[in-house]
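Residues in the sequence shown are numbered from 1 upward in steps of one, following the numbering used here.
Calculated directly from the structure, the hints in this document are not laboratory data. Check each hint, because a few of them may be wrong.
Each pair of labels, with its calculated beta carbon distance range [to be verified]: (1) Arg141 / Asn162: 21 to 31 Å; (2) Asn296 / Phe273: 31 to 41 Å; (3) Arg39 / Arg125: 54 to 64 Å; (4) Glu284 / Tyr219: 19 to 29 Å; (5) Gln54 / Met5: 41 to 51 Å; (6) Ala301 / Ala254: 40 to 50 Å; (7) Arg39 / Glu170: 54 to 64 Å.
Since we're looking at a predicted model, the values are computed, not measured. We put the beta carbon where it would ideally sit given N, CA and C, even for glycine.
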Amino acid sequence: MAANMKQISVSHAAKMVGVSTATMRNWARAGHIAPARARPLAFTEMAVLSLKTQLGSGSLQKLKTRANKVRSEENILPGEYASNSDLIENIKSLIKFVKQNQLRMDAVLYVAALRLLVIDGEMIRTSETDLFDADSYAAWRRDSTRVEIEQWRNCLGEIKNNNLYSKCYEFITLTDGDDYLGLLYQCLSVEGGKSEGGAYYTPSKIVEDSLRHCINPAYKSFLDPCCGTGKYLIYAAKLLQIKPENIYGFDIDALAVKLARINLLRAFKHHDFSPHIHCLNALENLATGEIFCVTNELLGAIDIVATNPPWGAYKNGGVLPQFSPQIKSGETFSMFL
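Full structure from sequences and hints, please.
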């Protein structure tokens, strides 16, 4: 077999072109590169080199744009906040400080949550010495919020450079927008990581418009199986007038789940409840029937489901039999539909 007709795996092809394996699969499905073999997916070396040449010459500009997103190390501000100059400057200054000092994103978001809860009047900061010490806060308005913060703090472990995080705390003076924590998380997350996992910010108007078509007094419970930081959960509770205790959300991103739980508590300040938002994969771990599965009780109990599924990410073939046999690609967006 000639060298340029040699078959190479999808992961090898992705490395040659400089994109993710998910992107290579997507391009093959769209017909931009012909597979030499479907299962397991493989390409000829000649086809991969040809694709790489076309990307380099700019003749496949749309594909190049998508590929660049995967490689991007940029921090992107969602467009819907473009008119809020004060908020943008606040976020940009905070991101710059975080990057310059190489601070941990999870700790920065924890600090942001603390700051917003203090602004909300959920508790009082009684000591300026240790931002991460639970004893530095008192007069908690709700036990549920206190428990949420304590559990998150326990997950952080040892925190170094405490004084730098205290400066982050002082950065946060604005709470414009319905999801400051989600916005900050999106901006701290590099574009390449979001593209690889298929996770992108959902504009508020899209969330609101989609849910307005679902208003029905008979709906008493709601589920978002890919809830991210909780925007659909909050809008569903308010627009559909569903009690926050009957709002359910799942996501594979543990940090996003923590933010969603805080966001839902902040949205309903007069309810003392523990949010039903869990870190799990809705494609694999939903209502498994196992004794400790937290979602078993949801079978037949959810009135409405709405979500913005991740796109551009792929699952292995092991979960395909659970879904429509027409779904061949493993693309997660198709599975959620």
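Here is what the structure says about each hint:
The hinted range of 21 to 31 Å is satisfied by Arg141 and Asn162, whose Cβ atoms lie roughly 26 Å apart. Distance hint check: the CB atoms of Asn296 and Phe273 are about 20 Å apart, inconsistent with the given range 31 to 41 Å. With their beta carbons about 58 Å apart, Arg39 and Arg125 fall inside the hinted range of 54 to 64 Å. The given range of 19 to 29 Å is respected by Glu284 and Tyr219, whose C-beta atoms sit roughly 27 Å from each other.
A hinted range of 41 to 51 Å is violated for the C-beta pair Gln54 and Met5, which are about 19 Å apart. For the pair Ala301 and Ala254, the supplied restraint of 40 to 50 Å is violated, since their beta-carbon distance comes to about 25 Å. At about 56 Å, the CB distance of Arg39 to Glu170 agrees with the hint of 54 to 64 Å.
Violation of the numbered hints given earlier is confined to hints 2, 5 and 6; the remaining hints are satisfied by the structure.
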